[in-house]
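There are 2 protein chains.
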Amino acid sequence: MDNRLIVELLQQHLARQPEGLMLRIRTFLALRQAILDGQLPPGTRLPGTRSLSRDLGMGRNTVLRAYEQLFAEGYIEGLIGDGSYVSEALQRVGRHPTPKRLVGTRREGLSRRGGEIAAASSSSRIQRGAFMPGVPDTENFPFAIWRRLLSKYFQPAQSHLLQYAHGGYGPLKVALAEYLHVTRMMKCSPRQILILNGSHQAVDLCARMLTDHGDRAWIEEPGYWGSRNVLRAAGLDVRAIPLDAGGIAPTPEDWEAPPRIMCLSPSSQYPTGVVLSLERRLEVLEQAERCGAWIIEDDYDNELRYHNQPLASLFGLSRTQRVIYVGTLSKVMFPGLRLSYMVVPEDLVDAFSIGNAELFREGRMVDQAALAEFIDSGHFTAHIKRMRGIYRTRRDILLDELGARLGNSVRVSGGHAGLQLVYLFDAPVDDAALAADALADGVVVRPLSLYYMDRSRSEPGLNLGFAAVPDELIRPAAIKLARVVEVHLEKAARRG
Amino acid sequence: MDNRLIVELLQQHLARQPEGLMLRIRTFLALRQAILDGQLPPGTRLPGTRSLSRDLGMGRNTVLRAYEQLFAEGYIEGLIGDGSYVSEALQRVGRHPTPKRLVGTRREGLSRRGGEIAAASSSSRIQRGAFMPGVPDTENFPFAIWRRLLSKYFQPAQSHLLQYAHGGYGPLKVALAEYLHVTRMMKCSPRQILILNGSHQAVDLCARMLTDHGDRAWIEEPGYWGSRNVLRAAGLDVRAIPLDAGGIAPTPEDWEAPPRIMCLSPSSQYPTGVVLSLERRLEVLEQAERCGAWIIEDDYDNELRYHNQPLASLFGLSRTQRVIYVGTLSKVMFPGLRLSYMVVPEDLVDAFSIGNAELFREGRMVDQAALAEFIDSGHFTAHIKRMRGIYRTRRDILLDELGARLGNSVRVSGGHAGLQLVYLFDAPVDDAALAADALADGVVVRPLSLYYMDRSRSEPGLNLGFAAVPDELIRPAAIKLARVVEVHLEKAARRG
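Just so you know, the protein sequences line up as chains A and B, in that order. For the record, in the first sequence the residue sitting at position 132 is 132 according to this note's numbering, with numbers rising by one throughout. For the record, in the second sequence the residue sitting at position 259 is 259 according to this note's numbering, with numbers rising by one throughout.
The hints are simulated quantities; they were obtained by calculation from the structure and are not laboratory data. One should not assume that every hint holds.
Identical copies carry no separate label here, and so any pair may be met within one copy or between two of them.
Here are the simulated SDA-like pairs of lysine to any residue, each with C-alpha atoms no more than 25 Å apart in a straight line [claimed, not checked]:
hint: 1; residue 1: K187; residue 2: Q11
hint: 2; residue 1: K152; residue 2: A177
hint: 3; residue 1: K480; residue 2: D347
hint: 4; residue 1: K152; residue 2: V332
Could you put the whole structure together from the sequences, leaning on the hints where they help?
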């Protein structure tokens, strides 16, 4: 091909290359594009670097570096001496000349399970504002202490803490075992504790280690959407078992088709706050033993119980190693930390440790070291105690304000622990529409129907988070919300 | 029951409670144990708090708090007035009087896939020492800068960064999109970038969004054990496709039973360092398009290429949106950071974003903010450039030393980029036995056979990491290793 043609071609391609790149990279990209487009077909001899650099008005070294890169990536053969030729391997190129978009809808190309995951979107893009549930206060976090601890462990002398890890940080496991012993009356060895990145990962690990594709899983109805979606994504046949006042209430028929695994929140059911009764605890443990089912005990906010001690764990009550306990630091430290822990029966420790290493590959030892010292120095319990007081005050303001305005038309469920409470309507309110209207007024609430798998069973209600809302913002937001609720109660009355 | 009997019983149980707990908790535990053991059967009237506290020699308040806790948890009914009775609900208790261990072997109770995960244990508990592969140097990490950046973002004014996240930190996605543009010649918008906790999570997300249980997946043979195990745990039928000098080399028969997904490391195959040839790249892209397969491009260490620019990505070469690019910060920042990123085709962005939120729940915005500023301020490229020089020196020392001692009895594969290189033996050396002997001498190496799914195809070799070994420690370790290798070469010669 005539060198003048090649120069012209390259000038056109060069003009189309993105700004801000070094000239030699733009030259490389221009040449590559001409080759990939078939304008410089396989076998074409490229101009020498001296003449091309002169014709393009750039340094010879620039062209040389572009050629080197083309050579390194296989686009041209020969670099010096006999000259450079477009690679014969490129005969294949050019059959798909224009970028092709995936055909059809946005979901096109996903697998069946991928499509189900995408369709089950339940987490919210909004994570702030009155009354987003499940979210702790982070303004009162002891930032200075945490900065000091991170800085203490991010040091050259501790550079090994920056490497991959295999098993959690030893002192953290010791600290957590002691903490669980004192606060949750759980006897476990540090060896039984696994550190994970959040409770979704803990549920996922249980699902993969203890169940097979197609196995049945039980969750609570209503229940936490996260566990539901994680279990489904692990290929399980997820059934939601309705609650009553004593917590999850499987019927005798339910027990005839028992699950391989069940995900429970016995201390404070999410989102209703219902405590699993002792009778029901014993029944669940006994049946699990009978049918070889595993229980995941999701104990997400028991530290934040406003009266008495935290309730004893199901894990501690079990005598048969069928319970895996999952705790999280998201609520009592901060959600973005993404650290959770699980306590597994002694006989499962080895297998779960391997699973954790293989599936997730471990690290984050600096964070774990800082957390271990945070716990050991007493900052952890002090922070929890302080936040419990703050949250209790916020809960009381919310209860007062909504109680005064809505009176008997709503019932409260939960609020004895944690970060949120549920308001139930006796009238047939459309809670999703209510939540949408509240959002339009700047108030974030999550409709109770969102927590149901079978929405036909759904009791209308709202899940309200009070913990992350500063005291002085609760009242104005509650007033706004009460107005929206009143409108929807009237609508429901007209419908009824 | 006679109150004196109850007192005696409780004294026995109290003596057995763990030290270090508050007296009221020990009292609660003692009472609970007596109830659960059936020594205080349902219906038993407990002594009044006044008499029991006197008989046990403790404050009345202590007993009262223990009773309150028993009441809150449902072990007793009635708290004041008519007295407290052991709950009738406890009729069920006592059928499994002794803690029961899971029957049979250690693996008992795992599911089939759980058993497979546990059996495929490939990650090493040893993550340090000459010559552990895949591990970067962390001693030369700019600790002071990183501490400063973390402290800058761990501030009350930025408390929202401590909350859950939905989608990665915006400025980090912008910084990574620019970085990929300049270094990898990839055109992508920040929207296409997802932030994850390590590349295992990225592969897992691809597997769940793009494949169904039982689908076929291809990996490279030899290849990274992590991808293999993650794909298997997602229920895929994983096939390992052997390499040749041009990288992964599927036969026409292989393409007749094409995969739904394939996991490739085109820039620098792990562990061999082979670069996927341009011809093979085009073939793979074309076939993937033809049969609707997805390609995961695992680009784990391309920044650390010692000559030329990093090679252009497969993602950049693809015109049909079949490639998902996976990058990691583990090698160029530090492994314990547990941050990786992926670039997905535009049409998959929404679905993958939902999948990331649902399956893993996001957070860690402080780390992401610090990283974004680390990149934007130029520390990132400066650190990479500096480490590239350090690693190159270490590689050269290793090559010199082993070359001088082992000469022609070994061949080197890779070492043009990254953190490790492979030594291949022409003789039938038992590389696993060699690695075990080296470990006994204090030298960590990983046998090449470990990276094969079908070990009968395995070429004997060693994967040696040089990056994390200080210069002055390379030579002595290499001398030790050479001696062990010589012994095994002799053994192989005798066998041959």
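Evaluation of the provided hints:
no., hint, verdict
1, K187 - Q11, "between (74 Å within a copy, 21 Å between copies)"
2, K152 - A177, "within (23 Å within a copy, 33 Å between copies)"
3, K480 - D347, "neither (53 Å within a copy, 39 Å between copies)"
4, K152 - V332, "both (22 Å within a copy, 22 Å between copies)"
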